[in-house]
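Number of protein chains: 4
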Amino acid sequence: MDATPKNARPRGRQFFANPGPTNIPDSVLLAGAHQTVDFNDPNFIAIYDACVEGLKRVLKTKQNIFLYTGSGHAAWEASFVNLLSPGDTVLILETGYFSLSWAKMAEDLGIEVRSVAADWRRGVDIAAVRAALAEDSAHVIKAVCVVHNETATGMALPVAEVRAAMDATGHPALLLADTISSLGSLDFRMDEWGVDAAVGGSQKGLMLPTGMSFTGVSDKALEAHKTSRLPKHYFNWTNMLTRRHKSFVGTVPVSFFYGLQEALRLIEQEEGLENVFTRHSRLARAVRAAVQHWSGNNGPQLFCLNPARYSDSVTAIMMPEGFDADALRAVALQKFNVSLGGGLGPLGGKVFRIGHLGDLNEPMILGTLATVELAMQVAGVPHTPGGVGAAIAALA
Amino acid sequence: MDATPKNARPRGRQFFANPGPTNIPDSVLLAGAHQTVDFNDPNFIAIYDACVEGLKRVLKTKQNIFLYTGSGHAAWEASFVNLLSPGDTVLILETGYFSLSWAKMAEDLGIEVRSVAADWRRGVDIAAVRAALAEDSAHVIKAVCVVHNETATGMALPVAEVRAAMDATGHPALLLADTISSLGSLDFRMDEWGVDAAVGGSQKGLMLPTGMSFTGVSDKALEAHKTSRLPKHYFNWTNMLTRRHKSFVGTVPVSFFYGLQEALRLIEQEEGLENVFTRHSRLARAVRAAVQHWSGNNGPQLFCLNPARYSDSVTAIMMPEGFDADALRAVALQKFNVSLGGGLGPLGGKVFRIGHLGDLNEPMILGTLATVELAMQVAGVPHTPGGVGAAIAALA
Amino acid sequence: MDATPKNARPRGRQFFANPGPTNIPDSVLLAGAHQTVDFNDPNFIAIYDACVEGLKRVLKTKQNIFLYTGSGHAAWEASFVNLLSPGDTVLILETGYFSLSWAKMAEDLGIEVRSVAADWRRGVDIAAVRAALAEDSAHVIKAVCVVHNETATGMALPVAEVRAAMDATGHPALLLADTISSLGSLDFRMDEWGVDAAVGGSQKGLMLPTGMSFTGVSDKALEAHKTSRLPKHYFNWTNMLTRRHKSFVGTVPVSFFYGLQEALRLIEQEEGLENVFTRHSRLARAVRAAVQHWSGNNGPQLFCLNPARYSDSVTAIMMPEGFDADALRAVALQKFNVSLGGGLGPLGGKVFRIGHLGDLNEPMILGTLATVELAMQVAGVPHTPGGVGAAIAALA
Amino acid sequence: MDATPKNARPRGRQFFANPGPTNIPDSVLLAGAHQTVDFNDPNFIAIYDACVEGLKRVLKTKQNIFLYTGSGHAAWEASFVNLLSPGDTVLILETGYFSLSWAKMAEDLGIEVRSVAADWRRGVDIAAVRAALAEDSAHVIKAVCVVHNETATGMALPVAEVRAAMDATGHPALLLADTISSLGSLDFRMDEWGVDAAVGGSQKGLMLPTGMSFTGVSDKALEAHKTSRLPKHYFNWTNMLTRRHKSFVGTVPVSFFYGLQEALRLIEQEEGLENVFTRHSRLARAVRAAVQHWSGNNGPQLFCLNPARYSDSVTAIMMPEGFDADALRAVALQKFNVSLGGGLGPLGGKVFRIGHLGDLNEPMILGTLATVELAMQVAGVPHTPGGVGAAIAALA
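Protein chains in written order, with the UniProt record's numbering: chain L, 1 to 396; chain Y, 1 to 396; chain F, 1 to 396; chain A, 1 to 396.
Derived from the structure by calculation, the hints contain no laboratory data. Just so you know, not all the hints are guaranteed correct.
Chain copies aren't distinguished; within one or between two, either way the pair holds.
[Claimed, not checked] Taking lysine-lysine and the DSSO-like style, the derived pairs with C-alpha atoms no more than 27 Å apart in a straight line are:
id: 1; residue 1: K104; residue 2: K226
id: 2; residue 1: K60; residue 2: K246
id: 3; residue 1: K246; residue 2: K104
id: 4; residue 1: K246; residue 2: K350
id: 5; residue 1: K56; residue 2: K246
id: 6; residue 1: K226; residue 2: K60
id: 7; residue 1: K62; residue 2: K246
Chain L with its partners taken away, still in its complex shape (with noise of 0.2 Å):
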């Protein structure tokens, strides 16, 4: 087995500015690095039960939740097929690829879809989600299921308008809520926006590796699960209620939890909360000025062309047109060793995207940005330069 690459990247540090996961802190990943333990250990309990109350602060709830060995697709999967039946209908609130992914996951495991069509680039409008819900009076929506942050877009949706929505209607479906790229980068309280099941994973704000996923799941959620009537058993959560762990049918994967007390401490203690909200924010707003200052002279622009929804953990950036974002992505990896996001989709060869979320700061910032813009002098791509500048303005 030889795996040598073919390519060799440049020296130094890959700068990973990719949505998908997430840099990972040096003291995470040693954490991880644990030797395995039994998961009935008294000590490794500890540690497990200290890292769910964590979680549940994060997710901003005092109910339950339940984990899984698998990626976010997994927690959206027990979702459905914990809260539904067959033949159920579910809203889904068109924000961009990943709502699409839900809508077919849906479908495979045998529900009815309606969507609230939205345009892309400036997100769903929360008049129109209102009205497919007072239009449903019968209420056979038995689930809305939204993207709080939709990841191929770059933008952020606002929950707790949806929730207000649902009210305003009394629509009395549940609220389902992907927080897969907002949870611990954006603020999100399941507890007071009604959020019945918020699906989130170990590989974006709680900068962990891939492999964990969790819901967090209201009372009302839980209930509800009880008459549900999709074929489960990995998923399922009665089976979990019954475990020690309440959680994970079969072997509890401990590593990540070594890994994840740790992740807890740097939000929690080190940084606090609120604190990583607002570094986001402000370093978001960098990417964005870099980007808008490029815009000119008929550079690559904003996705979004909502700012209400400029979402803080990731941007979309729309090539120039006739320019392909991937042979840009090819420059910047293969000669600089940074690593953007794709377009996905409908988005593909149109859209990089900077996912600024995680464990990030102002040089690993402005270190992309800049590298963006020597790629872009690289591989031709007008733009105004100078955006490393607007950053920095905007940093200062």
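Please build the complex by placing chains Y, F and A on the supplied structure of chain L, with the hints as guidance.
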């Protein structure tokens, strides 16, 4: 969050003789502590592809493999939902706690279960399997499900004999085999034995943390998949085949591949797969020699009464009447930092288990056995002293 | 550069029973794998200062400490060059190979050496020390040099009795003590015993890699330093006192402090320094019990013939006449991955040594002893089988 | 021991732009986190020997090398004490703080020092060196000591020209060169340039932690060693030659060799030594371009006024009159987690330094430069904005 355990353990390395997950070599742990990368990065894909090929060699198959972010239970569920339809019938060979788990899972998913019952201490009778197949002349049984190595009882099943029984009766069912605690420890030959779905996980013989699992899939099974109607998305092989990695719905758990690359190097290049089996067999004999020595004087004895079914990766040990296995385990863990496996299900408190699979050698085994003997003295468990001497003799 | 070793070792963790350096706990190893920082960074200095205070507590001194980037030999040389002048005389108590090394070092540096000879297997006679001091009425001897724990013979020296002899004779010499293989393993009391220079290293009881060493220095010694005339710069305490860290000429080896911080946490907070000594004593008794058992039937025997001088951190074991210690060690290493210490100097081939200091517990000791017994069987070394049983009995 | 720093740093990776030690690649850090092994273990010796050969290739010598557990200062002291006798005279070429340090060291060791003075901002005049050598017709000067790359001023010295001056004057002195901050970053050719003792350390271009250093030694120097009379033991080459490893008195610091093996792989196999030099040169130009841009408008400027002496591994930057370099450094460190080097000796507060050696690439350099520009804005330091743009242009 103060998770400092109340029970400080003795200084020094924990001996992990638990067959749950298993010891992870330092080089695998550190390889897995790799910074995040884009799972579409060509450099990562080169590693990924090499790992997939390596896994096939360990499974001894030239056919297909699908991987999941999930534990071993995920891989079983994936196998069921990809191969079966609601109301289908499977035949499960009873071997112990885990065969019961798979039966429960099948039922939860809407599958009918027939079982071949067995005395857990002697193992399922192949003649009874043959009879059950012969009786099913209508071929209602769509799949025969076996556990190659039952972790709960420390007993192995001759999968080739099950295949022979299927061939002899001309039964067309698929053969599904759980290799979770055998793969990379005991010889397993997917193609030669005509296994259609071989379920494996990262955390046993592959010496990785818990969190990734997979199914080796025969061409025949892949054909059967096309007509299966159990709802599925996260585990859906058809969805996977459309993706670059031909596996995983959602984010690829890259850390595991850095660890797996190193684990495969250790298994294939440093030691050699057949040598791995020889080592497991040799160390297992030493464990059994110690237990058999102890068993005199009303001491603990081997749970397995059928030498042909001894497992070379885990040994279950039956306590003398009136002595609690978990009390002994607590002494070993709290006083001497040796983690032994407990009895599962009906064997709780009656049995303790020594895992002897993965990254293990003579001093690790001898230190474990000596400490079990020490713990028996401390806990007042009757036994014939000198089990370590018997183990040394077996190894000399 | 292909450094792949030709001799692959058995899979599984190496048992490091060599008293050279010693086992490093995973948490210390990983703490040391810290990114470079500026050694003048206030955050680092906080860690540095805490470590220096911790080291003083382990040395049981409230006086001074100087640290060096260097091994234990560096700390001895630093002590000589900072305290003595060309032609000065030191009295060295013969204990074994290392006392000879210090004598050679002193001579290389232009210091006159007097020795108190001793039978290596019984240890130096304190009465002879007293006589040598009494005889030196002119006080030519400027320093008395002792090795608290002679790693080569597995024998400890009662430093307090040496101090008493100095006091009884009213001898004003400085008392220099090598604590390299005792500190953090055996009780050492610098201030109470009136030690003027206590030489220690990172790689033994402190459970760190090799590379940092230090001298605890009394106020009396610091005064003597002012008039010392041996040339020095790298080790010069006066140079050090002008620097922020009051130690190190040149770059501060920051990695060691991240490791030391964790090691001190393990020693002081998790286990307790006095408990560390108790554990070493307990495990050492088990080792000696095994060797004494083996010694019947013309087997190997304890090198130390004076029970009052048994070392609790290392045991030297004398082979039967006609059997080569290094051949036995090669079997243990190559076949079973257990690293034993060899005989040093005149003891080469005649003695092997078991280090039992640092991060060690019962299963590690028992696994080592059982494998030594196994290796003796494989190598045909005569012994009374059952040493492990004797060790178990000593621990029960 | 509570060493929690009072000054929490911004989340995200610290940018270490300090030329003290330098960035350590993750793979080197983790390779160094290796369990202890016996330094006489044949498997370790294979790695050791390969590393020594690799070091010789990096030094571009086929002659001798001696290694020390110690920092760079240890290697200088080792060179002095092994080559000189009390009262010998050395000629030191003044280059900055570190040349002064070596002069102080020489004097501390009883060596007479002559200096060739120099304007620190322009570098020593080779004609003056030649004059000093020509004047010494009695050949009192036993060694000429040069610093290849003066870390304190960011200036390189043409060692080959010094050799030419020695040859032209027929001076038989030994040529001693400090390569600490040049080796593995700038081209250094020990044999071609006739260097007799080349002093290097682990913590700069070799990208290891601080703690191991070495001297490349010519055959001529080894001959001179035989008659040197400075007292020595820990650093004594003659002692070393009697040992298996032909280096180190005392315990071999094994961790460093696991790290060095990986560092050499990165340097020689992954990147190529000559490519390493090219990269350093390229990145250094970008740094200088930024500084030169800033220098307009009474901004900070390059300390080095002689372009022929620009260092490609470190740049010293002179603050505008009235502005404190350390105040700027504190902003960069405390607010943005970028560690810049301070001014040494007489340059304290007047100069800050950017280290650009070792494991470095474009985004790291650009992120550092952008943050320096940001810090200048925050701290109110005058400068012409847009330095990052100039650096981008230099790299494009």
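Run the structure past the numbered hints and jot down the numbers of the failing ones, going up. none
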